[in-house]
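To convert, count from 1 in the sequence shown and add 2; that's the numbering used here.
Worth double-checking, as some hints may not be accurate.
[Stated by the list, open to error] Taking lysine-lysine pairs in the PhoX-like style, the calculated list, with each CA pair at most 20 angstroms apart, reads:
{"#": "1", "residue 1": "K38", "residue 2": "K26"}
{"#": "2", "residue 1": "K60", "residue 2": "K44"}
{"#": "3", "residue 1": "K65", "residue 2": "K38"}
{"#": "4", "residue 1": "K40", "residue 2": "K60"}
{"#": "5", "residue 1": "K33", "residue 2": "K44"}
{"#": "6", "residue 1": "K65", "residue 2": "K75"}
{"#": "7", "residue 1": "K75", "residue 2": "K88"}
{"#": "8", "residue 1": "K88", "residue 2": "K65"}
{"#": "9", "residue 1": "K26", "residue 2": "K40"}
Source of the hints: derived by calculation from the structure; they are not laboratory data. Since the structure is predicted, the reported quantities are computational estimates derived from the model, not experimental observations.
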Amino acid sequence: GYRCFGVRFGDRNKTCLECLERNKASYERNKCPHGKRKSRCKECGGASLCVCGRLRSKCNYCKNPEEYCNHNKPRLNCRVCVPNPKCKHNQCKFNCALCHPVKPAPEPEPEP
């Protein structure tokens with residue numbers, strides 16, 4: 003296999019056998035009893051998890067609670083927090099042609 007030489011400290015090459023073995027060893031060292039990374043395991047109380055139980059780097063609610071709801075969606079688009087402005091046809095409730103069919107115009111009365 004391929005071996006890399008002169009790799010800087012902390013850098014690892016994906017094709018180098020020596021680097022692959024180092025990656026595998028560090029992965030095994032950082033495993034919790036549940037078979038996950040220690041920092042990401044909910045049962046172990048991982049350090050990378052936020053109060054919501056999501057990864058800190060991915061949780062929009064923890065980053066910006068004014069704009070995002072606790073369902074990790076923009077407040078205006080969350081179907082749970084905001085009453086849904088869309089109908090079952092995924093159209094605006096007030097403009098949906100299937101929910102509110104347009105009434106045909108009344109026929110003009112014949113002139114006598």
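Hint by hint, here is what the structure shows:
1. K38 to K26: holds (14 angstroms)
2. K60 to K44: holds (15 angstroms)
3. K65 to K38: Measuring from Cα to Cα gives roughly 25 angstroms; hence the hint is violated.
4. K40 to K60: holds (17 angstroms)
5. K33 to K44: holds (13 angstroms)
6. K65 to K75: Answer holds: K65 to K75 is near 12 angstroms, not above 20 angstroms.
7. K75 to K88: Holds, at roughly 16 angstroms.
8. K88 to K65: Between K88 and K65 the Cα gap is close to 28 angstroms, so the pair fails against 20 angstroms, i.e. violated.
9. K26 to K40: holds (15 angstroms)
In the structure shown, a violation is registered for the earlier hints numbered 3, 8, in ascending order.
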